[in-house]
Amino acid sequence: MSFLKLTNVYKLFTEIPAVEDFNLEAEQGEFISFLGPSGCGKTTTLRMVAGFEMPSSGQITISGKDLTYVPPNKRNVGMVFQSYALFPNMTVAENIGYGLKASGKPKAEIKQRVEEMLELIHLGNLGARFPSQLSGGQQQRVALARALAIRPQVLLLDEPLSALDAKIRVELRQEIRRIQQQLGITTIYVTHDQEEALSLSDRVVVMSQGRIEQVGTPAEIYTTPSTEFVARFVGQINLLPIHVVDQPAGLVKVGQQPVRTSRSVNYSDEKALRLAIRPEELNPGHREDANNLTGVVETVTYLGSIVRIRVLIEGNSVLMDLFNERRLRLPAVGESFELNFDTDACWLL
Amino acid sequence: MKKLFKIDVWAWFWGILALLYFFLPMYGTLDFSLRMQKGQISFLAYQTVLADPQFMESFRYSVIMGLISVSLSVILFVPTVYWIYLKLPNLRPVMEAITLLPFIIPVIVYVFGLIRTFSGPPFELTLTPFKTDILITAGYIVLSMPFMFRAIDVGMRAIDVRTLTEAAQSLGSNWFQVLFDVIFPNLRVAILSGALISFALVMGELILGDFLVRPALGPYMVLVGRDHAYEPAALAIISYALTWVCLGLIMYFSRGKNTQQLTGR
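These protein sequence lines map, in sequence, to chains A and B. In terms of our numbering, the first sequence has 209 at position 209, counting the first letter as 1, and numbering is strictly consecutive. In terms of our numbering, the second sequence has 206 at position 206, counting the first letter as 1, and numbering is strictly consecutive.
Straight-line Cα separation of at most 16 Å, EDC-like style, residue types lysine to aspartate or glutamate; simulated pairs:
(1) A:K253 with A:E314
(2) B:K87 with A:E53
(3) A:K101 with B:D181
(4) A:K5 with A:D66
(5) A:K65 with A:E27
(6) A:K5 with A:E25
Just the calculated beta-carbon pair ranges, DEER-fashion:
(7) B:K87 with A:Y267: 45 to 55 Å
(8) B:R162 with A:I16: 14 to 24 Å
(9) B:L100 with A:K107: 42 to 52 Å
(10) A:K107 with B:F43: 53 to 63 Å
(11) A:D66 with B:L100: 40 to 50 Å
(12) B:L100 with A:I16: 33 to 43 Å
(13) B:R157 with A:G29: 35 to 45 Å
(14) A:R129 with B:K131: 50 to 60 Å
(15) A:A128 with B:F184: 18 to 28 Å
(16) B:R162 with A:G29: 29 to 39 Å
(17) B:V154 with A:R129: 23 to 33 Å
(18) B:I105 with A:I16: 38 to 48 Å
Don't read these hints as lab results, they were simulated from the structure. Glycine is no exception: its CB is placed at the ideal position from the N, C-alpha and C atoms.
Only chain A is shown next, with the shape it has when bound in the complex (with noise of 0.2 Å):
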């Protein structure tokens, strides 16, 4: 049986759909992160699971007990929010330690665990820091340290890093990984940066207009998106108008240049059918055993350890990147170009 549950979910404020029939089961220790734009109903789901907002119906169970309906202070649901949320009047420490307090633990156990958790954070010897003595990375830490001293069933994180500068976050999401990891809690991450929801998640939820596009592993997100959404949200796309000459067989054409894949699809209209195919997945140059198309050079952007190159093609810009090595012989702008794909690269949406 699942650990966390959410069934048949909505949420609507004020008539309006914020989360529509939302279904998820989680197991035990899974990462699962919940990706989509701003207003796609991530944050109200995961409040929900918080229980900082009642869902208009459905429900919520965590280890087989209906929590839907239980206020957030009884739930025993660790939080972590994008503004940290530290207590500026406590200490690093008092902070870690509040939610031990709060519940009545005796004064040794919560300076054991304030200990533990500080060494779990690698921050032993700040504790009698305040919040406003530290950066946004250590404050962050500090954040996650207090939701787990209380050894919740389930650890929300509502875009933990977006606050925090490029390199910090690197370092911090996977210190938060390392976390999970070390101690198995099942843990939901609200983030609408791809990178972030892919390298660290289990599964990711990918939402858009309060429903669920798709949920999979993120390799089975990336290269097999179920929706045109799902394929244009998550990296880069190229999605070209085709015809169907032989469906069976995967033969369509862009224009009049032929191209072959290996997954078919059912479809009900042609006109709507697109052949979809990352970036990175063109090769400069002519295969004989691969797809071919030709076109011609738009742009060439130098974007450090890429470089991508904006090729039209019957009538379509189509992207692709190249791996900036030294011998790359980077085209011209204008010039014909020939690009080639393996037909497992590419498939029909």
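Let chain A serve as the given structure and place chain B on it in line with the hints.
Frame of chain A; chain B shown alone:
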């Protein structure tokens, strides 16, 4: 460099002018209050005022009324403003408008309204001194509303009330613990500012005390001013001193160890 020097001169000029504007009258009052004994500087006016049993009685009365009014204001306003921030943010402008009413309605109109409404049955709040004290306390609370609300409002804005509340709740706190462990300590400076300004206001308030016939400090000062020359000046200086003490206390407590950062972020 030349431009900077020019700006400095004008800044000093206006600064000194402002200081003279504020402090010259005060110096004049102080100087006058020290000249009760002909031909020499003395504290005789102060001694006379402080030795007057009526002064001590009215001072004691106003201090007690001030403390009670301020305490009740805090108990009334902190949870109210907190709840508005948390659950009814749309009501904040309404609350702001209501708290401005004491600035709009003259106190004399307000006190007549109080007397007309509460002196008759069923309240009969002017029948005994104790009942009148209840009425005057309520009046002081209303008069201190603009200061108390604004001070707490500013304090609430400085901290992320909603997130701090949710953080405390997710850690298992009930409403009582959230208020007393998290909200009140982080509003300490704001509450103290509002409380001390309100206290100073009650100490100098004239009309409520006068019309409800209670021995408050305000009416006493007016009474002394009618009959004496030097004592009112001494009283004015004492009153100034009291206000400055209150302001000093606000500044002192505002400089606490962790009060510079009250954002909770």
